[in-house]
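Those protein sequences? They're chains B and A, same order as listed. The first sequence lines up with residues 23 to 320 when you count with the numbering used here. The second sequence lines up with residues 23 to 320 when you count with the numbering used here.
Calculated from the structure, these hints are not laboratory results. Any given hint could be a false lead.
You can't tell identical chains apart in this list, so a pair holds if it fits in one copy or across any two.
What the hints assert, rightly or not - Keeping only pairs whose Cα atoms sit at most 25 Å apart, straight-line, the calculated DMTMM-like set for lysine to aspartate or glutamate is:
| id | residue 1 | residue 2 |
| --- | --- | --- |
| 1 | Lys-265 | Glu-204 |
| 2 | Lys-208 | Asp-281 |
| 3 | Lys-77 | Glu-253 |
| 4 | Lys-208 | Glu-263 |
| 5 | Lys-77 | Asp-281 |
| 6 | Lys-77 | Glu-305 |
| 7 | Lys-28 | Glu-227 |
| 8 | Lys-222 | Asp-144 |
| 9 | Lys-288 | Glu-204 |
| 10 | Lys-208 | Asp-163 |
| 11 | Lys-239 | Glu-250 |
What follows is the residue order along each chain.
2 protein chains.
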Amino acid sequence: MNSNSKLNRVLIVGGTHGNEFTGSYLIKKFQQYPELIRRTNFETLTLLANPRAFKEVRRYINRDLNHCFSRLDLQDTTISGYEDLRAKEIDQIFGPNSQNPIDFIFDLHSTTTNMGLTLIVDDYDFFSLQLAADLSYLNPDIKVYTFGYSYPSQNLLPLRSICKSSICVEVGAVAQGILNAEIFLKTEALVYAILDYLEKYNRGEIPSKQNTLTLYKYTEAVYFPRNEHGEIQAMIHPQLEFKDYLPLHPNDPILLTLDGQTITYKGDSIVYPTFINEAAYYEKGIAMCLTQKHQITI
Amino acid sequence: MNSNSKLNRVLIVGGTHGNEFTGSYLIKKFQQYPELIRRTNFETLTLLANPRAFKEVRRYINRDLNHCFSRLDLQDTTISGYEDLRAKEIDQIFGPNSQNPIDFIFDLHSTTTNMGLTLIVDDYDFFSLQLAADLSYLNPDIKVYTFGYSYPSQNLLPLRSICKSSICVEVGAVAQGILNAEIFLKTEALVYAILDYLEKYNRGEIPSKQNTLTLYKYTEAVYFPRNEHGEIQAMIHPQLEFKDYLPLHPNDPILLTLDGQTITYKGDSIVYPTFINEAAYYEKGIAMCLTQKHQITI
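One chain only, chain B, in its complex shape (with noise of 0.2 Å):
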């Protein structure tokens, strides 16, 4: 988005992830009060992306919808999984190529780690790292994190990816299938502050000056090991648990095996752990994210 453009359709998502269920229920929410989401200058639109799988109650019925949106699979009209097709009903309604392109998209998710209040921007996108900026330095609980280019890998691409702008909201610990009431009313209260701003926005009331933002950016995965038949073979260490966003020191405990061995984090400097003990990664034997924590002026 350049900086002279105003936004005319915003589109909060909620349900990407069956399981997942403070998004899915907000947005049930406010398609039952849509006078909530309503603002002066521009258009608010719901999803709830995956109802089959908020209905089974699982993260996606045969493949993650959230690496779906690439253009090589939207318009691959041989393969046919339940999130295939919905993705590409997705894109056909909001898309790019659609009669009324979304301008700013925000997903609603939620976390079985420790990340509070997080906001997982592009690094390239100067107009949600700025709503970031804007949004933590009000409410300094709120985490700003990026997987800069390295994640999603092109092929696949997130749901929020079908519009140039566009934030990830991220909220734990909570776990799968049930609704917190405290993470909840927080997540809540974030969308209608990501809501005000694109208002003030609009309203040419964002005020242009530098903001710094602490990012923390995504380096690498932390593997659990596995014996040969897959199997992980340790947890998170008791120490690390819940630690999402603290300093990690080299040699601190970071996995503790099922037969209690500690093993400790072997790398050289400081990192800050993201994602750590995240159910939905267990299918990929990722324990944790690694970040590094940046000062950044934008």
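Following the hints, put chain A in place on chain B, whose structure we already have.
Okay, now just chain A, sitting in the frame of chain B:
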């Protein structure tokens, strides 16, 4: 079990629900290191009860395995879902009509609720009540819970019902589909404590003195309000979240509707809620179970 009979075969079960990882990974550990559960005067066996659900990280494939053990179902040749067949297989190997029936079962479960270390016993099972009294005396963090006669109904008998004496170990809070090291280690220690008790019992070293026991008896379930589509319309109230086993007074908040209204407890005496916000109970619409707290002498 009468007071003179010795235990010959003890079965430790995990993974009755495929997304409760603590028990499954403990079973795998015990299968890898059988010396950990070996005791001098009985044989210890292990069972990963629902391997397919474990692999798919789901509670069950076709229906809850822990509801498949009524004699009627086990003898019904017309039912053939995955869990129905698995139940028959388990009954044939370990059940009362098998070549070497089991004398005592304990089944390792986990919960998204903050129930800490809970032993679920049947209130007519004198042997298990004594075991629970002894363990909770040694470790006051252990709570003892019973569904009494009201649950499960005679049509939905649990796996452990194939044995005359049994305990269900229920540990939380832990999200589905993850391992939490602290929960894992606590459950493992509890397994060893149970085995040590059984070994002492076989040696005749359990004193026949009277024991007192705090027993939480299930009285009723509290349901989420739902709309005409069956979708829940409220969450656990933030003031009640994670407050399992703490006293709930008349007019205390229990639920918060999605549109922000507080629902209070309408009973006329103190109760002790359990299973507050159990993910697996959402499909039944159960928000929590209420219990009464009894001091009993056995």
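Results of checking the hints against the structure:
{"no.": "1", "hint": "Lys-265 to Glu-204", "verdict": "both (19 Å within a copy, 14 Å between copies)"}
{"no.": "2", "hint": "Lys-208 to Asp-281", "verdict": "between (39 Å within a copy, 14 Å between copies)"}
{"no.": "3", "hint": "Lys-77 to Glu-253", "verdict": "between (29 Å within a copy, 10 Å between copies)"}
{"no.": "4", "hint": "Lys-208 to Glu-263", "verdict": "both (22 Å within a copy, 15 Å between copies)"}
{"no.": "5", "hint": "Lys-77 to Asp-281", "verdict": "between (38 Å within a copy, 21 Å between copies)"}
{"no.": "6", "hint": "Lys-77 to Glu-305", "verdict": "both (21 Å within a copy, 10 Å between copies)"}
{"no.": "7", "hint": "Lys-28 to Glu-227", "verdict": "within (12 Å within a copy, 80 Å between copies)"}
{"no.": "8", "hint": "Lys-222 to Asp-144", "verdict": "within (22 Å within a copy, 61 Å between copies)"}
{"no.": "9", "hint": "Lys-288 to Glu-204", "verdict": "between (36 Å within a copy, 23 Å between copies)"}
{"no.": "10", "hint": "Lys-208 to Asp-163", "verdict": "within (11 Å within a copy, 32 Å between copies)"}
{"no.": "11", "hint": "Lys-239 to Glu-250", "verdict": "neither (32 Å within a copy, 45 Å between copies)"}
In this structure, the one hint that does not hold is number 11.
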